[in-house]
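*Asks:* Combine the two chains into a complex, taking the hints into account.
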Amino acid sequence: MSVRELELEREPLRRSRELARADGQQALMSLEGVSLYYERRRGMMAPAEQVGAVVDVDLDIYPGEIIALVGESGCGKTSLGSVLTGLAKPTSGRVLFQGADIAGLKGERYQDFRGGVQMVQQDSYAALNPIRTIYQSLSAPILQRKIVKGRKAARARVIELLETVGLTPPDRFLDKYPHQLSGGQRQRILMARAISLNPKVIVADEPVSMIDVSLRISILNLMAELNRKLDIAIVYITHDLATARYIAERGRMAVMYLGRVMELGGVDDVLSQPRHPYLQALLSAVPTPDPDIAKAMLELPLRSLEMPNAARPPAGCRFHPRCPHAIDLCSQEEPQLRPVGASEAACHLAEQTLAGWQERMAAIRASRDS
Amino acid sequence: MDNLVEIKGLTIEFPMRAGTLKAVNQADFSIPRGQITALVGESGSGKSTLASAVMRAVTSPGRIAAGTIRFDGEDILALSRKQLQAYKWERASMVFQAAQNALNPVVRIKDQIIETYRAHRSGASEKQIVDKARDLMDYVRLEPDRVLQAFPHELSGGMKQRVMIAFSLLLDPQLVILDEPTTALDVITQAYIFDILVKIHKEMDITMLLLTHDIGVVAKAADRVGVMYAGNIVEAGSVYDMFKRPKHPYTAKLMKAVPSLYDDLSERKAIPGSPPDLLRMPPGCPFAPRCEHAFDACRKASPSRVVWPGGHEASCHLHPDSQTVSIAEVRTS
Chain B
2 MSVRELELER
12 EPLRRSRELA
22 RADGQQALMS
32 LEGVSLYYER
42 RRGMMAPAEQ
52 VGAVVDVDLD
62 IYPGEIIALV
72 GESGCGKTSL
82 GSVLTGLAKP
92 TSGRVLFQGA
102 DIAGLKGERY
112 QDFRGGVQMV
122 QQDSYAALNP
132 IRTIYQSLSA
142 PILQRKIVKG
152 RKAARARVIE
162 LLETVGLTPP
172 DRFLDKYPHQ
182 LSGGQRQRIL
192 MARAISLNPK
202 VIVADEPVSM
212 IDVSLRISIL
222 NLMAELNRKL
232 DIAIVYITHD
242 LATARYIAER
252 GRMAVMYLGR
262 VMELGGVDDV
272 LSQPRHPYLQ
282 ALLSAVPTPD
292 PDIAKAMLEL
302 PLRSLEMPNA
312 ARPPAGCRFH
322 PRCPHAIDLC
332 SQEEPQLRPV
342 GASEAACHLA
352 EQTLAGWQER
362 MAAIRASRDS
Chain C
1260 MDNLVEIKGL
1270 TIEFPMRAGT
1280 LKAVNQADFS
1290 IPRGQITALV
1300 GESGSGKSTL
1310 ASAVMRAVTS
1320 PGRIAAGTIR
1330 FDGEDILALS
1340 RKQLQAYKWE
1350 RASMVFQAAQ
1360 NALNPVVRIK
1370 DQIIETYRAH
1380 RSGASEKQIV
1390 DKARDLMDYV
1400 RLEPDRVLQA
1410 FPHELSGGMK
1420 QRVMIAFSLL
1430 LDPQLVILDE
1440 PTTALDVITQ
1450 AYIFDILVKI
1460 HKEMDITMLL
1470 LTHDIGVVAK
1480 AADRVGVMYA
1490 GNIVEAGSVY
1500 DMFKRPKHPY
1510 TAKLMKAVPS
1520 LYDDLSERKA
1530 IPGSPPDLLR
1540 MPPGCPFAPR
1550 CEHAFDACRK
1560 ASPSRVVWPG
1570 GHEASCHLHP
1580 DSQTVSIAEV
1590 RTS
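Line order of the protein sequences matches chains B and C. Start counting the first sequence at 2; every next residue gets the next number (our numbering). Start counting the second sequence at 1260; every next residue gets the next number (our numbering).
Excised from the complex, chain C in its bound form (with noise of 0.2 Å):
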């Protein structure tokens, strides 16, 4: 498969008082060119700050320790400040949580796009940016003349997102990141933003990351889907390979722990117990404390990926090597 983005071995840590916290670590992922690839994990599992390494926007005291990030073959940790002017942006935008308050409130949308736009093209005349500005507010549904000349305050929170996803258009680029696009939102805007998001994506062909805790939302719009638990991408594969074929428990028990409109209520169930503190992480797997099927090789080592074809591939001990044994196997038999 052919990879915009290649993730390998990727560690961020946070020195903190108490000691050094792997927000990220060692995970190995990829995101597919001309697809949309979620990204799910519970809050503080670390896919916000896997997702702002790949923008070169770790945070200080936040550092990149171990890995590489390739886009498009090139090593992104290597770019010169020139380079990353090139990057950010124009290859790869990304959309923030609560985007709704990165935008300046008493600046009109229109002077923001100029203004950001002339900050990677200078010389690009006002007529040519406010053409390209009136074509993607169309795109996301929004009347070009009144929300160019509206001030934020004037927008609804979910007309201020699609200026948002608007706003990460405006350069081309071929990755779009979104963390949590819709949180704040109500369910009907909601929909209609991933209506548009998924309309975007086909047309202009853009390749996307969506950062997400709702996995009824991942069911709507990834194609492939990758979990992170406590800083681990513990399982990674096609939609529908996660949905009807996890392989490892905790991708199972998320799935299981939410509820539906339509599935048969009494299989719903809490996973028991909480996420690990990064600071005192446990020996071995990361969710071995709140497994079902944890045996000793849980609590002493941590388990190495197995890959399978299509490109599903989990971290477990259950699965020592490449046997093709779902978790819902496992649990029948």
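Just chain B, with the same shape it has in the complex (with noise of 0.2 Å):
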């Protein structure tokens, strides 16, 4: 397929197609109960800790979804997406994409999963050579995958990719080093890179955080777009909410804490009616930019600011020492995901506590409008 043939239009993007599963397609990558868990030496007499970075996570990703994950730093979903990448073997359970174990791909299955699956770091000026042009940088996979024959053949699919990305007139770029682009020029680069092997899945893991605020939205609603128009399932790693809610509107979102998922479902339904306590808090905490709302949003509904240790997470739900609606059913049982309405949630109170959520929204919005 080429990329011309696509011809992007600059109509406002109205982004990813309806909850996949919806339609009972096939799943492109599965995790079937992933765990990775890393070791940690305190001081060299001490002994190894297991650190749990996943904990058995079973997630399907569709073809052409966009899927957030979300999370604060430690609560595992970089390391999520380096199992997803195959870039970290999972301690246990496996990963499958188009049906086949990843373990034990071989040959040119293998190079089918790894040209398939493809990353966008956050740190756009690390993930570039900077003694390469940038022609060098996105010539080099497509020549090495033999997706293009020659130099020639190269050029112009490389100016076919500057183009998509939206870096015009191309031949500008072509000759560029990684330091005579701005943060967000580079950041298309590196989507370009990853669209050149027409790959199936992207993982981008903050491909916005070390933007300028007033350029975040145009490489979301490009992301937006690849996945639109070239059908390129994404993994959009975030600890941001409301960029998050902007890239995937109608696409899903998995709220991680600690290593398991607590939450996961459609992202309006999700934002709207967050029945895990922990989702609460998060939401809770981002600063809004409406005065009304952000200011009548001081207080967190959080027991404890401190995140436990997570070689030795709490018993039962991991989350009940900072909750405050925990019982003591919480710290014995750890919950399950499990259907709450239309979305999943691993809590034993999802029902009173998106009860409790709804109530409180209401009193905000009624003295604001009042």
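Calculated pairs, DSS-like style, for lysine-lysine (alpha carbon to alpha carbon, straight line, at most 27 Å):
#1 C:Lys1458 - B:Lys296
#2 C:Lys1347 - C:Lys1281
#3 B:Lys107 - B:Lys150
#4 B:Lys230 - C:Lys1515
#5 B:Lys90 - B:Lys107
#6 C:Lys1391 - C:Lys1341
#7 C:Lys1528 - B:Lys296
#8 C:Lys1461 - B:Lys296
#9 C:Lys1528 - B:Lys230
#10 B:Lys296 - C:Lys1512
#11 C:Lys1503 - C:Lys1461
#12 C:Lys1515 - C:Lys1528
#13 B:Lys107 - B:Lys147
#14 C:Lys1458 - C:Lys1347
#15 C:Lys1281 - C:Lys1512
#16 C:Lys1347 - C:Lys1461
#17 C:Lys1369 - C:Lys1386
#18 C:Lys1267 - C:Lys1347
#19 B:Lys150 - B:Lys230
#20 C:Lys1391 - C:Lys1369
#21 B:Lys230 - B:Lys153
#22 B:Lys296 - C:Lys1503
#23 C:Lys1458 - C:Lys1391
#24 C:Lys1515 - B:Lys296
Computed Cβ-Cβ distance ranges for the label pairs, DEER-style:
#25 C:Ser1384 - B:Met46: 40 to 46 Å
#26 B:Gln333 - C:Ser1384: 51 to 57 Å
#27 B:Ser371 - C:Ala1556: 41 to 47 Å
#28 B:Pro131 - C:Ala1556: 40 to 46 Å
#29 B:Ala367 - C:Glu1413: 42 to 48 Å
Going by beta-carbon spacing under 7 Å, a handful of chain B positions derived as facing chain C:
#30 Leu216
#31 Ala243
#32 Tyr247
Hints in this document: simulated from the structure, not taken from any laboratory. Ideal placement from N, C-alpha and C gives every residue a C-beta, glycine not left out.
*Replies:* Set out below in structure tokens:
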């Protein structure tokens, strides 16, 4: 498929397809009971601790969808991204790509996986070789993989790629070095590199957090555009709930805490009806650019600020020591993801906490409108 | 209105090989006493440089080329070395960006506090200082016993940031400047720190200047807001005026450029283009090349400042005199 055929329109984007799961599609990638533990030693003589970065995660990624993985630093979202891209081997569980376990892939099928799952990093400066021109950085992978043959075809393809990611006129960028471009432009180069191998999935880890606020939306729009036009599924990893909502408006969202998925569902549903008290705390903490709402949200529904040690997660629900609603059951039994309305949440009290949240929001809205 | 700090015509230049860069260009800005004022701008807009001038901490080769800064009526650009020592930290203090790294890694927190205190008030007894430090640690919700004895690496990022806030309050200043105080921290820690800052502001009656690029944070904490673009203060006013009735197209666009959790997503738009190169500033209004309302005058002459009742002010050719129309009204008409 040629990129030029796709002729990008500049109309405002209305993003990803409807919830993929609803059409009964087969998953493109599946995580089955995936855990990733790191070993950590504190001091030379201390015994090794097992730190659970990802704990028993089941997650399907459907063709062409946008799914946002959100959580605070240390929640395991980046580790989960490393597992998806094959950069980290899970300690237990399986990762399936188009139905096959990636641990057993060999030869051409392994190459299909490596080309089919691409990554876009947070620090665009560190992700590009500083002594190579943009042309060199973008032509190397497509020549190596024999997607194009010969320098002339490679040049034409690189020009196409630059046009696709909105770097026009492309000639101006071919012979530039990474330090001669702005952060937003470099991030577009990373997008061009990621799509150059015609991937099925792009895992983007905090792609806009180092870009100026006034330009962030244009990068998010570009990703949504690539998703729609090239039918590439996007896993958007971020701590920023608002940008996740923006890019994955009709996609899905998975909220992680201490290695586990706590809530999973359609973005709109999850954000307007947060079932898990942790997500409610996160939502209360996000500063909203509206003085009325922002000033009403000063108090956080949390019992403690400190994040527990991931090497010794609390018994029962990992969130219970910080949870304002916790009951005895929460310290005894770890809740599993279960359907609550249209989404899933791992909370014993999801129904009650959701009702409490809705009352609180109604009160804020009423006081703003009066 | 009673202003603690009044800045008039402030220009800060950095001579470079390629020419002279004006990081701050003829800025007029005031910080009202007893309020939280936020200065918003993208990276490179000059907000940190402007704040460092208030602290008399502009670093070489930067220099204050023109203008005055009055603190409580006194011209601080004229202070002698000795007077400066009594000004810095005792009347105005600053929590720098990435303040977590501002602590000495090999000295216990307690000893760093004692050293700082004695640099200003040499006669103070250790007990006096430690008692004061304990109160402040309590105030920022840290356990005094543990934290005072700790080395910086034993504390988390959020804890170190709170130690720095306690530090800034050590000598009872009237003004605390906070430069991106929560940028490297998680949202929950960030919300908690703003909780503490707002409480300190209210209970200790401290005037604050908050530098940030995050307009959500501004909405939450600030009473008054200034917007900087390419070294210029383009608009200033109360937080409600700025969010609901912005006068400068840059402010209006900036508010629309940030995705939020509640608004209609279709209204969110990036600002086309990118900020100008400070060494090659366009003639006229610095925002004109990116502005959809720009007309001939914008590309020729710098707009002058227009002030509306309530202290709302903007520098934009759309407002040739004090007509009280907002950008939103201009667009819909």
